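Chain order of the listed sequences is A and B.
Taken in order, the first sequence gives residues 1 to 345; the numbers are from our numbering.
Taken in order, the second sequence gives residues 1 to 113; the numbers are from our numbering.
Keep in mind that the hints are not guaranteed to be accurate.
[Said to hold, decoys possible] Here's a subset of chain A near chain B, in silico, CB distances under 10 Å, partners left out:
1. Leu-28
2. Ser-32
3. Lys-71
4. Leu-73
5. Ser-235
6. Tyr-257
7. Tyr-308
[Claimed, not checked] Computed, partial: chain B to chain A, Cβ under 7 Å:
8. Val-15
9. Asn-54
10. Asp-56
[Stated by the list, open to error] Here are the in silico distance ranges between beta carbons for each label pair:
11. Arg-98/B - Asp-82/A: 26 to 32 Å
12. Ser-176/A - Arg-98/B: 35 to 41 Å
13. Asp-254/A - Lys-72/B: 44 to 50 Å
14. Leu-168/A - Glu-37/B: 28 to 34 Å
15. Lys-312/A - Gly-71/B: 42 to 48 Å
16. Arg-101/B - Gly-33/A: 41 to 47 Å
The hints are simulated quantities; they were obtained by calculation from the structure and are not laboratory data.
Nothing here was measured: the structure is a model prediction, and the numbers come from that model.
The beta-carbon is built from N, C-alpha and C at its ideal position, and this holds for glycine as well.
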Amino acid sequence: MAVLLALVLIGGLWAYFKFYKPAPGPKLPPPSGEELSIHVLDVGQGDAILIVAPGGKTALVDASVPGSGKKILAAMARAGVDHLDLLVTTHAHADHIGGADEVIKGTKVYKVLDSKVPNTTKNYEDFLDAIEGRVENPQDNFITAAPGQTFDLGSGVVISVLAPIQPLFTKDQLRSGGNEPNANSVVTRLDYGEFSILLTGDAEAQTEERMMEQGARLAAKVLKVGHHGSKYASSEDFLRQAKFKDAVISCGADNRYGHPSQEALDRLKAAGVKIYRTDLQGEITIKTLGKEDYQITTERQAAADELYAGRKAQKDDSAKSGFIQYGDFGPAPKASPKSKAANSR
Amino acid sequence: MTQRKTDSEASSGGVEVRAVVDRIEDGDVAVLSLDDEAKTQLDVPLKQLPDDANSDGDHLLLQFDVDSKSGKRTLTSIEAAPEARASAEDRIKKMQERLARMSGAGDKKNFKL
Chain A
1 MAVLLALVLI GGLWAYFKFY KPAPGPKLPP PSGEELSIHV LDVGQGDAIL
51 IVAPGGKTAL VDASVPGSGK KILAAMARAG VDHLDLLVTT HAHADHIGGA
101 DEVIKGTKVY KVLDSKVPNT TKNYEDFLDA IEGRVENPQD NFITAAPGQT
151 FDLGSGVVIS VLAPIQPLFT KDQLRSGGNE PNANSVVTRL DYGEFSILLT
201 GDAEAQTEER MMEQGARLAA KVLKVGHHGS KYASSEDFLR QAKFKDAVIS
251 CGADNRYGHP SQEALDRLKA AGVKIYRTDL QGEITIKTLG KEDYQITTER
301 QAAADELYAG RKAQKDDSAK SGFIQYGDFG PAPKASPKSK AANSR
Chain B
1 MTQRKTDSEA SSGGVEVRAV VDRIEDGDVA VLSLDDEAKT QLDVPLKQLP
51 DDANSDGDHL LLQFDVDSKS GKRTLTSIEA APEARASAED RIKKMQERLA
101 RMSGAGDKKN FKL
């Protein structure tokens, strides 16, 4: 009986990998051959990714924590960008929409793509206020993300939406550590000729599983690692299926949450994925002409062993029965010792 | 911002600040978004939150003691503020509905930027 079961299992797995085909994606335009640049900004414990297409069309994926607006607008100015054709807000947590209202007020934003899963923070209210007040024709330009949507940045650069997938995850469906905004993050991919990058917001394993079940086009050259390298994101199956070559983790050196986690880093390493981290290397810039090869450069250098060393989460192990002294929670744990070895490619 | 006293007014004594649980990070740490101009974020161990206000989006009332000499603030109590949550949910729902009514993007799939 056991042998029969094993044979059935092996046969099933063989058939799955032999015949599984992701859903066909949109027909992509050919690349212009000019340079596309993607800047994963060094914005502390949050995400902000600036995309500049060859023809001058631009997008920003997330706006990090409150107060990040100035930093993002300065990065835009350095890149010669004076507007955003598209602002993607992956979900309503403050480390992703924190500076969104500042950005919307500080530059011209034409379209906003959002999951529309709300939060009850002032931050989220300010974000909605900014859209209502500053985005022209919000009736057309405040868009609810849905798989299958495409945003054409010209020159052959296309952003496609992969998630959230309906029906949205509800609180009772989530595993330990999960929450609705993260699970329903807007997940997109950018394609430009042979180059591709998957931008996952704070999506974790449950969202990865749902995308795999739905046959989403996950295979990409580069991964923006989900949820800042949380142990609950970047599952083994997901990494195996998507076959990333490089991964970028956007996180802050001072976070208490254990991001990136050793577990996620180990899975990425086992999958043969090269890692880049904003907490250790500053801004990370990806440049491509839409061909097979592309360049990743970093603002600072870090040693390979340091890049694969996770941060420890701060635990409250005090015996205090109730109250915490402001600041008594302690500073965030340090990463591994600094090293000066080179790591840009 | 709802404070009974501002920091500068409190030579020593309490300051009350409203806050919202912005998120729970990996099930361990609650990240509070304070209702001040800077939208200050404050990390608090999840187990320090009241049982009836320890989820994303819950509203809280924080009480700080302020040392008159050092200015050091000590968080002395955290209370649930369910009415504030209900009120925020109502406001946001109305804003979303207003924007949704305005939304004409509908089922459009392909956007040329």
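Here's how the hints hold up against the structure:
| no. | hint | verdict |
| --- | --- | --- |
| 1 | Leu-28 | violated, 12 Å |
| 2 | Ser-32 | violated, 15 Å |
| 3 | Lys-71 | violated, 15 Å |
| 4 | Leu-73 | violated, 17 Å |
| 5 | Ser-235 | violated, 15 Å |
| 6 | Tyr-257 | holds, 4 Å |
| 7 | Tyr-308 | violated, 20 Å |
| 8 | Val-15 | violated, 11 Å |
| 9 | Asn-54 | violated, 12 Å |
| 10 | Asp-56 | holds, 5 Å |
| 11 | Arg-98/B - Asp-82/A: 26 to 32 Å | holds, 30 Å |
| 12 | Ser-176/A - Arg-98/B: 35 to 41 Å | holds, 36 Å |
| 13 | Asp-254/A - Lys-72/B: 44 to 50 Å | violated, 20 Å |
| 14 | Leu-168/A - Glu-37/B: 28 to 34 Å | holds, 33 Å |
| 15 | Lys-312/A - Gly-71/B: 42 to 48 Å | violated, 30 Å |
| 16 | Arg-101/B - Gly-33/A: 41 to 47 Å | holds, 44 Å |
Hint compliance for this structure: hints 1, 2, 3, 4, 5, 7, 8, 9, 13 and 15 are broken, all remaining hints hold.
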